[in-house]
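Colleague: The primary structure of each chain is shown beneath.
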Amino acid sequence: MALENGQKPEDKAELAAVTKPTDWTIVVLRVVAFFATVTATVVMASNKETKSLVVAPPISVTLTAKFQHNPANVYFVIANGIASLHNVFMIVVHFFGDKFKDKGLQLVMVAVLDMMIVALVSSGDGAATFMAELGKKGNSHARWNKICDKFEKYCDRGGGAIISSYIGLLFLLVITVLSIIKLLKRN
Amino acid sequence: MHPNSSAESMAKITKRLCTLVLRLMAVAATLLAAIVMVTSHQRTSNFGISFEVKYNHTPAFQYFAIANAIATVYGFLVLFLPSESQLWRLVVALDVVITVLLSSSFSAALAIGDVGKHGNSYAGWLPICGQVPKYCDHVKAALISSFVGLIIYLLLLLYAIHTVLDPLLLKKT
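As you go down the protein sequences, you meet chains A and B in turn. Start counting the first sequence at 1; every next residue gets the next number (the numbering used here). Start counting the second sequence at 1001; every next residue gets the next number (the numbering used here).
Note that these hints are calculated values from the structure, not bench results. Bear in mind the structure is a predicted one, so any value in this text is a computation, not a measurement. Even glycine gets a Cβ: it sits at the ideal position worked out from N, Cα and C. Certain hints may be false.
[Claimed, not checked] Some but not every residue of chain B turned toward chain A, in silico, with C-beta under 8 Å:
hint : residue
1    : 1011
2    : 1013
3    : 1107
4    : 1122
5    : 1158
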């Protein structure tokens, strides 16, 4: 009995010492993922380029490339926006969630939402990547011309946003796997 | 003692059977998607010029076929894993990766398919589904099948979380 009483606080201290480092790891990863997704959203949403081409000497045509012209880019912006909000929410929950005695569905919702956001961001990335590839190389079989030779800045910015989103996706993936493994260990 | 253990073993067998059936359906869905995409092919001739479309022509569709093939092979191998193995934790993590793969490939193929069906007037891309309707239907079928596989993988992930977290507190500690 005395041994049991003596062992319990030590076990709790050991558990706390073991779980603290992984908690900080996940928070740092979430902060980096947040910055990555916010960068992707903002860069793609501000992606716009205007160019005026001279068709015949007195007549010039102004062409604009906006991100809204492509539904895949719109979905990309929306998906990364939702992912940024999710990251902020998760950071807040991480710091203030321990204050509540009744955790309720907190653990379940964190894991489930993480997975849903990973699926969302990955689909946004996939669509935007292949649209950008189509814009860069065109498709000779379908007779779709490339647009990146005329709108270089637009393509570069879009490419940068997509790369940033991939980095965010990688961090989100690591966070999801870490959370699931942590839950498996706890059980 | 005996009724409890038999009830528990019945629950275990039901759980195992459920996951096996779901995984089998997912393997079938992704296999169907990969095969249907790879065999999509149409050739038409307009004013003497022949116009041929294959899935090869679009890198998004190639990625779609490869991703679904990888998901099929993975799902098939996982079916043979014994239930007491410690590798199930790795399977949960790999399930997340495969879901990401399937999701991004489905989304990419859908985006390119949308350009093929509706065109993009700002970029000067004309829709091609009017000329090759059978190819478009083929691709649509592959997309639907892959979507079913993706939904099943998402359900499997949610089920893994349910088993791990036990939100309804069914297990007695």
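Colleague: Determine for every hint whether it applies to the structure shown.
Modeller: Cross-check of the supplied hints:
{"no.": "1", "hint": "1011", "verdict": "violated, 16 Å"}
{"no.": "2", "hint": "1013", "verdict": "violated, 21 Å"}
{"no.": "3", "hint": "1107", "verdict": "holds, 4 Å"}
{"no.": "4", "hint": "1122", "verdict": "holds, 4 Å"}
{"no.": "5", "hint": "1158", "verdict": "holds, 7 Å"}
Going through the hint list in order, the structure does not satisfy hints 1 and 2.
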